[in-house]
Amino acid sequence: MNSSERNNANPSSELEDNLEILRQTYFFSGLPLETLKVFAYLCTREKFKKDEYIFKQHEEDGRAFYIISGSAILERQDNDTSKKIRDCAEGEFLGGLTLLGEVRRLFSLKAAKDTICLVLEREKFTKAIEQFPNIMPLIFKAVAQNIDFWEERFLAGRADMCGECMVNLGVSLI
Amino acid sequence: MKKADIPVVKRSLFSWVFAGNVKLQLSLLVVIAIMVFARVVPLEMQKRIVNEAINLRNIDLLIRYCGIYLASVVFFSALKYVTNIIQTIIAQRATGNMRKELYHHILTLPLGFFRNTQPGSVVNSLVGELSMPGNFIGMAVSAPVTNVLTLLAFAVYLFWLNPLLAAVSLSIYPIVAFLVPMLQKKVNRANKKRVDAARTLSSRIAESITGIHEIHGNGAYRIENKKYDRLVSRLEKIRVVWSLYRFAVKTSNGFFVSLGPFIVFILGGYLTIKGQLELGALVAFLSAQERLYDPWKELIEFYQVYQDGSVTYKRTMEFFDVEPDHAIEPYDRAPYDLEPSLEVKDMSFVTDSGIRLLDGINLSLNPGELLALVGFSGSGKSTLALCIGQLYKYTGGHVLIGDKEVSDLTKKDMVQNMGFVAQRPFIFEGTIEDNLLYSCQARADGTDPETDGLPSLDDIIAVLHQTGIFVDVLRFGLNTKLVHEKHKELVDVIIRVRENFQRDFGEELSDYVEFFDENQYLFYSSVSENLIFGTPNQNDFVDTNLCNNQYFLNFLKQADLTRPLVSLGSELARQTVDILGNLPPDAVFFQQSPIGPEELDEFKLLVERLKRQKLHELSANNHKKLLELGMRFVPGSHKMVALPAILENLILEGRAMFRQKISNDSPEAITFYDLSQYIYSQTILNNIFFGKTTTVSPQAQEKINQSIIQLLIEEDLLETIIEIGMHYDVGTKGDRLSGGQQQKLAIARIFLKQPKLLIMDEATSALDNNSQTRIQNLLETRWREKSTVISVAHRLDTIKNYDRVAVMKAGKILEIGTYDELIARKGMLYELVGKK
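Just so you know, the protein sequences line up as chains L and E, in that order. Residue numbering for the first sequence follows our numbering, beginning at 1 and increasing consecutively. Residue numbering for the second sequence follows our numbering, beginning at 1001 and increasing consecutively.
No lab work stands behind these hints, which were simulated from the structure alone. All values reported here derive from a predicted model rather than from experimental measurement. Please note that a few of the clues may not be correct.
Computed footprint of chain E on chain L, listed as stretches where at least three residues anywhere in the stretch have a Cβ under 8 Å from a Cβ of chain E [what the hints assert, rightly or not]: (1) 14-27; (2) 39-49; (3) 53-61.
So the derived label-pair ranges between C-beta atoms look like this [unchecked claim]: (4) L:50 <-> E:1705: 18 to 28 Å; (5) E:1334 <-> L:103: 42 to 52 Å; (6) E:1492 <-> L:34: 44 to 54 Å; (7) L:126 <-> E:1113: 20 to 30 Å; (8) L:11 <-> E:1508: 27 to 37 Å; (9) E:1495 <-> L:141: 52 to 62 Å.
Heads up, the beta-carbon is just placed ideally off N, CA and C, and yes, glycines get one too.
Could you put together the complete structure from these sequences and hints?
This is the structure in structure tokens:
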């Protein structure tokens, strides 16, 4: 942060910006504004230099990320070889499920260039949820719909390219 | 060790009356006896004043009798005060003893009891409900004895004066004694109806407020009003009836008591006219009649206190009347020193509601072996560990540790031999050190800590390393501010570390540190730090005193900073109250807040006021509060408000102005930030950096930690900082620690205890990979053969080297053997690790 970043007469606060981001994220968008403000307040921003890992495969970091600026590469390592899965661009939200329970990363996310992420830790998320137990069904609903939507989109566009993997389709049936 | 007496929950309310209070109660009786005498004396004096002094027109007698009257009244008042003091001491002592003994009992109750009991109801029982029985205990002897004795003394005196008049005038009391309880019953019935009606009304209100959107959506105001109004009218009627009965009790009591003087006048007057009663005796009679009312009223009140106290006491004690599953200590022997072999035979565990959580469990372990319990959630692996550790009482079969049946062992036997790390360990309020020594101190409880051997600092540091909490404790130490007098010799070393840091890591870590640069705004420092830019040497320039320092306030005015900072404070208050206003005082919520949890209520009121008043209309005190808040603003942490560029520039200019001004006026007041000087107002870490960290990212922290550790080792400072870090206050329920730190601390406190039987219930689930691996290695090397380890495993890659693996499903062990055996068998474990 330096003075050139904040030369507006009435700059918006980081909290307002965070709130705007959360309102556009499927995981949080259905929540009441009062609770959303608390989550926006609990989020922090982290800078990752090019090639730095945002999270690593096998780690249980318990954090969800939203890429505010920059970009990242999603990778998976199998038998000592690292394979790029895809690019993750600005505006992408990753790790909603890590907020709900302890899960180890199946992928690594590496900054492709200097990247700034909005980060929410599960511990903070859980403490906040304890104060607003009524919103949990809304989050479960959003997650369930998103999984369903993801598979539906996959089936519509890419299912025929699956080949042998076809038998493993059906993540929305879990 | 003595065998316990009657459990507290079985004790009667009356058992507390003399317990530990015999001397006090006896002295109370003596005081009361004198007091009753002092109460009757004025009556006799009244009679003599009228009959002798006035009748004989003798001034000397008048003065003498009035003197005795006055002395006895003063004496009575003094004794009454002494009685109240003794009564209060007895009441408070009894309440305290009840609270202590009940709490001691509650802590021993089985875990199952607490699953169905809210902490709030335990708090309420201990804090609120026991004060009423305590009040009764305070009055239990004094009130009935005083009032009955007074009544008797008055009655005897009246009979002595005139038996006929006494008998007639006292005859109204049996009628009152019969009538009042009868009416009281009706009051109680009406009261019950009132409580029920009020409850119905409350739920009606709650329902309509919860469904307010539906009421608005349908415009159903009239329907809801009708429902509500009906209930209010009903409550209104019930309350009228209730009040009528209450007043009836009061009025009839008053009426009958007032009848006394009437009878005295009519019968006493007649007897006096007839010469059968002296005028003085009639006056004394009238006076005694009036005074009868007080002891009578106090007796009725005492009856009420007894009723309330005994009902509350009974309800409280009945609620906690549960037997502990196991005795706490052996009373006729020393705690066992058990061989850590384990034999579980056909063990089962059935809950109170009849659900069979464990069934037919059989397993055996030799001393020093490692057992892993695995299976899906709900398979019973944690329950089995808890049964072995005596935290649950198994309902069938046998669990033998070193040939002793676990259900027959006392808690002391278990803690002497076993260490248990829970899935969600609990960290208590206090320092890191307090929590580290918790298990060792609990085991040493009752024995001499010198001979029992609490761990040395070297042992503690070794365990901090083993569990991976070393770096965290180091960080707590580094985040401490040193005190001038206490740490003088440390300061020079830290300045040296600072120089080495700048030389070796300054550039590498510059992305994560905001250095103290005179020409730059410090976004991770407060406004006051930005303005002062140095260490205050005078108390009135310390952060918290700045807004009371007229010199500084004048400077703010000159620098045109007062109004913008008050305005900044008001915006911070508004935003913070908006976000945190209804949240509990948990450290997680207040980490990034300029307002502390203890100040929140005060600022809530201030924000309410700001809705109605402009800033310049606020009182001087509120103005000051907002200025103070504005001065605390740290843009890098307090994200609810942005720092406008114009204010940033004003503050930077203000810094230069302040430096110039104070250097002229009072050059000794501030030591400005200088690379060669230690800054006492900053933490050790900030001193090493000569700046502040700007990130909490784990990667950055890791880099910073590595460099700092290296520097501290070079200067042989590591242990000193760790010692300082061990005094870090972990907050309520350890809320100033992360989940991982809490888990590491819980493992460390058990490792320090070095138990012969170690039970770990998913004890490393919140730890990072490195810490998990480190602890796993320790179990497989250092602990192997020294202790028997039972580990409920949440990760199957950690169990390969265990001596035995038991795979559980639906409360049964499906297979047990070494990892390789089970994988080769291609059974359940094979399936679980995903080979299938």
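Comparing the hints with the structure gives:
With 3 residues having a beta carbon nearer than 8 Å to a beta carbon of chain E, the region 14-27 of chain L meets the requirement of three or more and the stated coverage holds. Only when three residues or more bring their CB closer than 8 Å to a CB of chain E does the claim for the region 39-49 of chain L stand; here the count is 7, and the claim holds. A count of 5 residues in the region 53-61 of chain L with a Cβ less than 8 Å from any Cβ of chain E is obtained; the coverage claim is therefore met, three being the minimum. Taken as a hint, the range 18 to 28 Å holds for the pair residue 50 of chain L and residue 1705 of chain E, whose Cβ atoms sit roughly 23 Å apart.
For the pair residue 1334 of chain E and residue 103 of chain L, the beta carbons lie near 48 Å from each other, so the given range of 42 to 52 Å is met. Remark: the range hint 44 to 54 Å for residue 1492 of chain E to residue 34 of chain L is upheld by a beta-carbon distance near 52 Å. Taking the beta carbon of each, residue 126 of chain L and residue 1113 of chain E are about 26 Å apart, inside 20 to 30 Å as hinted. In this structure the supplied range 27 to 37 Å holds for residue 11 of chain L paired with residue 1508 of chain E, their Cβ-Cβ distance being about 31 Å.
Restraint check, residue 1495 of chain E to residue 141 of chain L: a C-beta distance of roughly 58 Å satisfies the suggested window 52 to 62 Å.
Violation of the numbered hints given earlier is absent; every hint is satisfied by the structure.
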